[in-house]
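Asks: In case you want the letters, here they are:
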Amino acid sequence: MDQKKAQFSRIYDEYIEKIYRFVYLKVSSKETAEDITSRVFLSGWQAYSSKEINNPRAFLYQIARNTIADHYRGADKEKTVPIDDAPHIAEKGKSIHESAALSADIEIIKTAILGLKKDYQDILLWHYLEDMSVKEIAEIMEKPEGTVRVMLHRGLKSLKSVLEA
Amino acid sequence: MQEKELISKIQALKEIKPNQQWVSSVKTNILGAAPAQETPARKGDYVWTMPGIISLIYGKRKLAYSFAVLLFVALGVYSFTNFYSLQQTQVANENATASLLALQAELQDNMKAFKEKSVNLAEVVKRDQTEKIDGAIQEAKVAVETLTDSIKKDPNLAKTVASEISNTKTYLSVIDDEDLKESSDDLLKTIDEQLIYDLEKATLTPDQQKSVEGIVHLVYEKKQYADGLESILMLNAELNAQEEETTIDQPEVKDQGNEQLGE
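These protein sequence lines are chains A and R, in that order.
The numbering of the first sequence is the working numbering, which starts it at 836 and goes up by one.
The numbering of the second sequence is the working numbering, which starts it at 1080 and goes up by one.
Hints listed in this document are in silico derivations from the structure and should not be mistaken for laboratory results.
It should be emphasised that the depicted structure is a prediction, and the values quoted were computed from it without experimental measurement.
Hints may be right or wrong, so weigh each one.
Unchecked claim - Residues on chain R that point at chain A, a partial pick, calculated with CB under 7 Å:
| hint | residue |
| --- | --- |
| 1 | Lys1083 |
| 2 | Leu1085 |
| 3 | Lys1106 |
| 4 | Thr1282 |
Claimed, not checked - Calculated lysine to any residue pairs in the SDA-like style (CA-CA distance at most 20 Å, straight line):
| hint | chain 1 | residue 1 | chain 2 | residue 2 |
| --- | --- | --- | --- | --- |
| 5 | A | Lys953 | R | Asp1277 |
| 6 | A | Lys945 | R | Asp1277 |
| 7 | R | Lys1083 | A | Leu991 |
By construction, the Cβ of each residue, glycine as well, lies at the ideal position given by its N, Cα and C atoms.
From just these sequences and the hints, can you work out the full model?
Replies: And the structure:
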């Protein structure tokens, strides 16, 4: 069990930031993102401690997708966004003005991505933000690589038209 | 807008990072071990050496002491603020974990009550204890409704009790009571819906996909929830067997996982 714990600890360190970012971009508040992300890793650890997981990244993203879907299906679906809930971006080496401008940019792109179809959102974030290959995405989505490539192209096109609208 | 510009906008989202205190706190809560931290410097060393260093640089002992005190106070305030915020985060996460465990415990209790009341009803009917039948029906109905509420609170738990429910439901069919049937149908429908949702997300062969379509028809069109549950359990058993076969056929699975971890 100690070995499993040590392995999962490494998985946690490697993916916590990525999963949090993925979740944060899909929900409307930092608190919700934290809550969902901790649920993802709690479920991940419960499953990991009892069985072998071949691909932790695919496994965690799959749990994240399901947990986000459960969140939107559930009664606790958020209706409002806290006023003070600006994105908490890393501000190292940036002035307040630069941070504010960056924060605004992030909000714009986040809103635009949220306006896309769910599958397009996931594919764009995984490929361009988390540098996942088409093959890895195809495995997570359980779709042929060709389909993922087409969706990637269409997703980018849709994002472009949303941002230019 | 050029494609490159669009991609760089998406990549700017990398600036989003979680709060590091929260990250450590969640890890501690999940894995139960204290997060790795650097060994803090001893206060004694810190207070005694700082004025010396500063006075060496500036040659002004008073200024050096004042600066050291100011630094010490600032560090104290900073540590207190961090400690308070960490405490708050830890409490929130402990509450979330505790509430999940409480839901699981509540479900198990309600499952136990459901089994007891169902068996009791079957026995009362079998012994023909007519004076006890109304009470037994009422108790079984309450147990069914409480269990349904438990599952609705966290539908992910449905899978853990589906098989037991399917085995127990037959006790309820010993008597033809409209209210009890309605409650029982609601319970089975709740379970069926969640399990169908899980199946729709699973990787299925074309035949299994066809079976799911049949189950969907049975549950949503024909409203035959008990038959639907049995079909779902059969399909789940097939999927589990298939998964076990895959695991046996691929002994190197563990190594692949470790390679992933080592990346």
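Asks: Take the hints in turn and mark each one as holding or not.
Replies: Hint-by-hint comparison with the structure:
no. : hint                 : in the structure
1   : Lys1083              : 11 Å, violated
2   : Leu1085              : 6 Å, holds
3   : Lys1106              : 6 Å, holds
4   : Thr1282              : 5 Å, holds
5   : A/Lys953 x R/Asp1277 : 18 Å, holds
6   : A/Lys945 x R/Asp1277 : 29 Å, violated
7   : R/Lys1083 x A/Leu991 : 11 Å, holds
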